[in-house]
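Fit chain U to the given chain G structure using the hints.
So the sequence lines, in the order shown, correspond to chains G and U. Mapping of the first sequence onto the numbering used here: position 167 corresponds to residue 167, and the numbering continues sequentially without gaps. Mapping of the second sequence onto the numbering used here: position 423 corresponds to residue 423, and the numbering continues sequentially without gaps.
Keep in mind that a hint or two might mislead.
[Claimed, not checked] Simulated coverage check for chain U against chain G, where a stretch passes if three residues somewhere in it have a Cβ under 8 Å from a Cβ of chain G:
| # | region |
| --- | --- |
| 1 | 6 to 19 |
| 2 | 287 to 298 |
| 3 | 394 to 402 |
[Stated by the list, open to error] Among chain G residues calculated to face chain U with C-beta under 8 Å, some are:
| # | residue |
| --- | --- |
| 4 | T17 |
| 5 | S313 |
| 6 | N314 |
None of these hints come from the bench; they were simulated from the model. Where is the CB? At the ideal position from N, CA and C, for every residue including glycine.
2 protein chains.
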Amino acid sequence: MTNLKACIVAVGSEMLTPFRVDTNSLVVTERLNAIGYDVRLKAVVGDDIAELAGVLASALTWADALVVTGGLGPTDDDITRGAIAQVLQTPLDVHEHVVERIRERFARRGMEMPEINRRQAMAPRGATLLDNPNGTAPGLWIERGPTAIVVLPGPPREMTPMFDAVVRDRLAARSGGAGLFRRVVKVTGRSESDVDTHAQPVYGRWTTAPVPIATTILAVLGQIELHLTARAENRAEGEAALDAAVEELKAVLGSAVYSTDGRNLDVVVGDLLREKHFTVAVAESCTGGLLTSRLTDVPGSSAYLERGFICYSNRSKIELLGVPDVVLAEHGAVSDPVAQAMAAGARARAGTTVGMGVTGIAGPGGGTPGKPVGTVSIAVIVDGTTRVRTFQFVGGREQVKFQASQAALNMLRLILENNDQRRPR
Amino acid sequence: MTNLKACIVAVGSEMLTPFRVDTNSLVVTERLNAIGYDVRLKAVVGDDIAELAGVLASALTWADALVVTGGLGPTDDDITRGAIAQVLQTPLDVHEHVVERIRERFARRGMEMPEINRRQAMAPRGATLLDNPNGTAPGLWIERGPTAIVVLPGPPREMTPMFDAVVRDRLAARSGGAGLFRRVVKVTGRSESDVDTHAQPVYGRWTTAPVPIATTILAVLGQIELHLTARAENRAEGEAALDAAVEELKAVLGSAVYSTDGRNLDVVVGDLLREKHFTVAVAESCTGGLLTSRLTDVPGSSAYLERGFICYSNRSKIELLGVPDVVLAEHGAVSDPVAQAMAAGARARAGTTVGMGVTGIAGPGGGTPGKPVGTVSIAVIVDGTTRVRTFQFVGGREQVKFQASQAALNMLRLILENNDQRRPR
Numbered sequence: 001m002t003n004l005k006a007c008i009v010a011v012g013s014e015m016l017t018p019f020r021v022d023t024n025s026l027v028v029t030e031r032l033n034a035i036g037y038d039v040r041l042k043a044v045v046g047d048d049i050a051e052l053a054g055v056l057a058s059a060l061t062w063a064d065a066l067v068v069t070g071g072l073g074p075t076d077d078d079i080t081r082g083a084i085a086q087v088l089q090t091p092l093d094v095h096e097h098v099v100e101r102i103r104e105r106f107a108r109r110g111m112e113m114p115e116i117n118r119r120q121a122m123a124p125r126g127a128t129l130l131d132n133p134n135g136t137a138p139g140l141w142i143e144r145g146p147t148a149i150v151v152l153p154g155p156p157r158e159m160t161p162m163f164d165a166v167v168r169d170r171l172a173a174r175s176g177g178a179g180l181f182r183r184v185v186k187v188t189g190r191s192e193s194d195v196d197t198h199a200q201p202v203y204g205r206w207t208t209a210p211v212p213i214a215t216t217i218l219a220v221l222g223q224i225e226l227h228l229t230a231r232a233e234n235r236a237e238g239e240a241a242l243d244a245a246v247e248e249l250k251a252v253l254g255s256a257v258y259s260t261d262g263r264n265l266d267v268v269v270g271d272l273l274r275e276k277h278f279t280v281a282v283a284e285s286c287t288g289g290l291l292t293s294r295l296t297d298v299p300g301s302s303a304y305l306e307r308g309f310i311c312y313s314n315r316s317k318i319e320l321l322g323v324p325d326v327v328l329a330e331h332g333a334v335s336d337p338v339a340q341a342m343a344a345g346a347r348a349r350a351g352t353t354v355g356m357g358v359t360g361i362a363g364p365g366g367g368t369p370g371k372p373v374g375t376v377s378i379a380v381i382v383d384g385t386t387r388v389r390t391f392q393f394v395g396g397r398e399q400v401k402f403q404a405s406q407a408a409l410n411m412l413r414l415i416l417e418n419n420d421q422r423r424p425r
Numbered sequence: 001m002t003n004l005k006a007c008i009v010a011v012g013s014e015m016l017t018p019f020r021v022d023t024n025s026l027v028v029t030e031r032l033n034a035i036g037y038d039v040r041l042k043a044v045v046g047d048d049i050a051e052l053a054g055v056l057a058s059a060l061t062w063a064d065a066l067v068v069t070g071g072l073g074p075t076d077d078d079i080t081r082g083a084i085a086q087v088l089q090t091p092l093d094v095h096e097h098v099v100e101r102i103r104e105r106f107a108r109r110g111m112e113m114p115e116i117n118r119r120q121a122m123a124p125r126g127a128t129l130l131d132n133p134n135g136t137a138p139g140l141w142i143e144r145g146p147t148a149i150v151v152l153p154g155p156p157r158e159m160t161p162m163f164d165a166v167v168r169d170r171l172a173a174r175s176g177g178a179g180l181f182r183r184v185v186k187v188t189g190r191s192e193s194d195v196d197t198h199a200q201p202v203y204g205r206w207t208t209a210p211v212p213i214a215t216t217i218l219a220v221l222g223q224i225e226l227h228l229t230a231r232a233e234n235r236a237e238g239e240a241a242l243d244a245a246v247e248e249l250k251a252v253l254g255s256a257v258y259s260t261d262g263r264n265l266d267v268v269v270g271d272l273l274r275e276k277h278f279t280v281a282v283a284e285s286c287t288g289g290l291l292t293s294r295l296t297d298v299p300g301s302s303a304y305l306e307r308g309f310i311c312y313s314n315r316s317k318i319e320l321l322g323v324p325d326v327v328l329a330e331h332g333a334v335s336d337p338v339a340q341a342m343a344a345g346a347r348a349r350a351g352t353t354v355g356m357g358v359t360g361i362a363g364p365g366g367g368t369p370g371k372p373v374g375t376v377s378i379a380v381i382v383d384g385t386t387r388v389r390t391f392q393f394v395g396g397r398e399q400v401k402f403q404a405s406q407a408a409l410n411m412l413r414l415i416l417e418n419n420d421q422r423r424p425r
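So that you can see chain G by itself, here it is in the shape it has in the complex (with noise of 0.2 Å):
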């Protein structure tokens, strides 16, 4: 099986400034893969007619398919609909029920079609012109030997709505539906080389098998993600591959995977609390309201997000938390004990299944030989079960609080797996 070639082009100035990437090719790339198209080559070209001209021509001798996104605009600026004229030597017609429904789509609004609209209308003799629901400017689909050229608009809210409506399927009759399957394993709390020198044995085999399965490993903070890509005839085929794949990995990774469906950590955490009807309470110190914010990130967190305690002063953990003094004076405000009263002052205070505490010194301040910038530790209590932890974080402010926001849900989450209790409704 061999996979077909993909060339995506993005048109548009503001992308060549140090202020913006081109993020459509991310989920058109997506798309192409799932229908066995491979992406060869991106480009990101400004608003210069010859310049895109030049590259489309490049392209149009070696990719199967080429994905042109965004200049379809009625201004001067938009130049795609003209360079690709220019590249097949054809004129540009206008299609005047296309001018009209966009004369239609102005009144519906109560104005006038400015007269520079009917650009929009303009199409290389020869294209289809695609329906746009969620805009003004067509796209275009043409054939020119063995390539297909998909011409749509760089609005996100317009573009993907008509790749999944109009051009994913004429793509995929040309490349026999053969494709490219996706998983991603989520794991923490391990090293990236730990997570590889466990998991190179079992995906170094896989290239080599029926269906074969590329891995990539990618450290992103706090976590380590397996991106595993299947080459396969169907998607049956490549989702039994996947499915047997990552059970393998879960038999050498253990309880450090926590996530094979795409899920992140917060939404890990609460559905576990969800589904056990439990309720937490959230004493925070150095992430500042980050856990309790991630906590909150998730659509019916109220149902288990009691309160949360930002208690940055020693005096803010002694009343809030009624952390005692003594313990303070004697272990330091970052310590194993305070971070423990933290978490059971924050349950009691609230009456709640779940109490955390998480207390660190985040820097660039604050560290001490003997508790440098990165030390945080935390205290997860679920009813009878109570642990506490001191890490160790590398990286600035916002990388060591998520790092121990990131700690903090999954101490949690290794209690709940293990823990069948569930409270009565």
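Just chain U now, kept in the frame of chain G:
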């Protein structure tokens, strides 16, 4: 004055997946702009020597600077050296002194250099090797007709220091020093169209000024950014024109402008609080800790942030903040009076200068016809000044949370900027 044309090529198959974008090009673009190069094309190519050679050959026909990042590792996948030699039709030579340097680098870590790493000491004949203090792969500088070819390793921590140390001056010498200079004006609390209506008559004149300035408006969540780009013969001239332009914008946009020096709103607010020796207590419902977390993203925020209360339940609003039952019952949890009682309760219980209260409906559930999803009431109390306002935000849960935190920070900023009180230390 005309700018020189640049092309940036990133090499690596991982950037052709749905998961990764090339971000090196943003750094390179910023650096190139400042020394008079306009980026006209960006490309991402996989690990295929023929495809990379095709892109490079095409860029050599028009680019004054061709910057290639990545593909300089020691394995067969690392094809950049070979592709350049192929396009320039020159052989690859091994530089033995570079082999020795790589060998020493391994030896310092107690390791023997794998033979495969000799590849990293290869360069197309005629190339100048650029020292890489942070990795094993040297960069390359090659002049070919009017084009300067720059090749740098992919990892940002190797690439960026090399560009700044050895590439920038070489490229600047070829452009004669004229450059593009940029400034970002950040605005919050007003809509994009409102900002544009007031700003367009001002920035519309700049394009034909002696030092022309181009303006782009970007609406990002919770704020509008105006990106100004001046084309000037030298930095002093460019910065002077930008200074004057920023003053003109401030005159028409007034206090909605919160930053002209790149600082984010949380940093602007933190700087104001520190300057005045004020302290803050925060009470959050729908933002779930995000507002306090943003305040504590700023290094040194423990100087002003005393504590935060995250009160999701009515019970916690009553117990922790002393919000009266009757106010909750009469006005509902999302209301101006409850926000005000939360801010007042937080401030009184923490004994701080500033109290903030946020209560709202982040969604997707919980909306009513009278108080739809996105309704958020915010109160800020600073000494004798109280501001309370109900907002209606649009977007999903995380968008509503962010916009609410942004609006709360902005209300506090506006009070502080009009407040010349200073606390004794």
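To see whether the hints hold, each was checked on the structure:
By the rule of at least three residues with a Cβ nearer than 8 Å to a Cβ of chain G, the coverage given for the region 6 to 19 of chain U holds, with 6 such residues. Coverage of the region 287 to 298 of chain U by chain G holds. Counting CB-CB distances below 8 Å, 10 residues qualify, and the rule asks for three or more. With a threshold of 8 Å between beta carbons, the proposed coverage of the region 394 to 402 of chain U by chain G holds, since 3 of its residues qualify and at least three are required. Hint on G:T17 holds. Least Cβ distance to chain U is approximately 7 Å, under the 8 Å limit.
With 8 Å as the threshold, the beta carbon of G:S313 comes within range of chain U, its nearest partner Cβ sitting at about 5 Å, so the hint holds. Nearest Cβ of chain U to the Cβ of G:N314: about 11 Å, over the 8 Å cut. The hint is violated.
Checked against the numbered hints given earlier, the structure breaks only hint 6 and satisfies all the rest.
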